[in-house]
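Generate the whole structure from the sequences, applying the supplied hints.
Each residue of the sequence shown is one higher than the one before, starting from 1 at the first, in full-length UniProt numbering.
Hints in this document: simulated from the structure, not taken from any laboratory.
Because the structure is a prediction, the values reported are computed rather than measured.
Each statement offered as a hint is correct.
Taking CB as the label site, the calculated pair distances span:
hint	residue 1	residue 2	range
1	T211	N124	21 to 27 Å
2	N124	I11	23 to 29 Å
3	M114	I454	50 to 56 Å
4	P96	I25	19 to 25 Å
5	R107	I454	42 to 48 Å
6	D37	A117	43 to 49 Å
7	D179	I11	24 to 30 Å
8	R93	E129	37 to 43 Å
9	R93	E157	17 to 23 Å
10	L168	R384	42 to 48 Å
Calculated pairs, DSS-like style, for lysine-lysine (alpha carbon to alpha carbon, straight line, at most 27 Å):
hint	residue 1	residue 2
11	K359	K394
12	K440	K359
13	K190	K204
14	K394	K373
15	K359	K402
16	K84	K29
17	K204	K140
18	K84	K140
19	K204	K165
20	K84	K190
21	K110	K98
22	K440	K402
23	K84	K204
24	K118	K140
25	K291	K373
26	K394	K450
27	K140	K221
28	K110	K204
29	K118	K196
30	K110	K140
31	K84	K196
32	K165	K98
33	K221	K165
34	K84	K19
35	K204	K118
Glycine residues also receive a C-beta, built at the ideal position from the N, C-alpha and C atoms.
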Amino acid sequence: MGRMVINVVLINAVRDVAKALAELIGATKCAAGKPADDPSMYQLKSAAKVMVTNVTSLLKTVKAVEDEATRGTRALEAAIECIKQELTVFQSRDVPEKSTTPEEFIRMTKGITMATAKAVAAGNSAQQEDVIATANLSRKAIADMLTTCKQAAYHPEVNEDVRNKALLYGIECTTGYVDLLEHVLLVLQKPTAEQKQQLALYSKRVASSVTELIQTAEAMKGTEWVDPEDPTVIAETELLGAAASIEAAAKKLEQLKPRAKPKQADESLNFEEQILEAAKSIAAATSALVKSASAAQRELVAQGKVGSIPANAVDDGQWSQGLISAARMVAAATSSLCEAANASVQGHASEEKLISSAKQVAASTAQLLVACKVKADQDSEAMRRLQAAGNAVKRASDNLVKAAQKAAFDKPDDDNVVVKTKFVGGIAQIIAAQEEMLRKERELEEARKKLAQIRQQQYKFLPSELREDES
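Encoded structure:
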């Protein structure tokens, strides 16, 4: 037997004595000067009893360390006593100082399952080292479960009915586990086949209690607790984040004002007012659109069409990724539009850039609508609101494009060409003009190829449903 395992047994015994001593000191302070029938006096007597028990247990453990035949038995007896003391603390009405999440509570129940399997194996093998390992593991598993059970049960969001169930099942699980350990002790004393067969019955009782604990922890979650790895939760978070980004861009746009112009530039000033109003309308419409998409996504989860069927987990994850990607594109396109509008008002950007930005908003909006419609009920209230929000974005984008195109069409041609009268000079002028035209055409062709490559790369990341609609 490893010396380290024996040391753990001794350390646990000493720790029990130290803990009991601390509780005895605290109980003594509380009971000082109180009458004999005061509740604090009963707590003092109980603490003193625990102190005597733990000191006795420590002495027996130290003595048993020298006797290999009884080491496991002594460690198991000490573990049972320790668990009973933990259960007494758990059953007290003291409210824990901090709370924990249902997920953490569920995670701690896994330790009970491992310890139960270890206890059954130790009972079947009857080996002292197996029994000692079971004793050490059992202490920690039960203590962690009881601590997190009480902390989770007293979380502010947990109602009284669920709290009482959690505490009840915590007690049942602990008592069932103590019964299992006591039966292991019995098997060590009388290792018959019949006694070993009874181990399975005790382990099933513990497993049943663990299942009830997990179900109660799931009930604690309610609507405020979510699985951060759930793709539908990730999708909703991203949608809300996109809406926040759009609102921030819209607020920035609200602060913009047309740049100061000379008196004779009234027509241009009117155009800038139109640009700002149209851009603000798009920002507001896209914000409403993303919020509507988030509502539609929650409706799908509530209807069980997404996230509730394990067999569809991969498909749901792909759908959520498409929704996330579309929401991000809407937010990015809206941000680019706001920047283009700002630059245009300041005189630093062309109408063409503004038109391209507005068209990109419309395109990303259409993609978001498609992503939501893949699994949605077309007649639902959320989808009707989503479609209305999408139409609002399209109208606002069209208005901005029309305003920018009108401004570009009405812009006076400042580049008046002066034709040279001399023959040689005229030929050179024609060659230069043709050279510039060819260069512009080549740049246009390169820009088209680049745009096609960008769209092709983005297309690869779309779910199959969106690819069919995009094609």
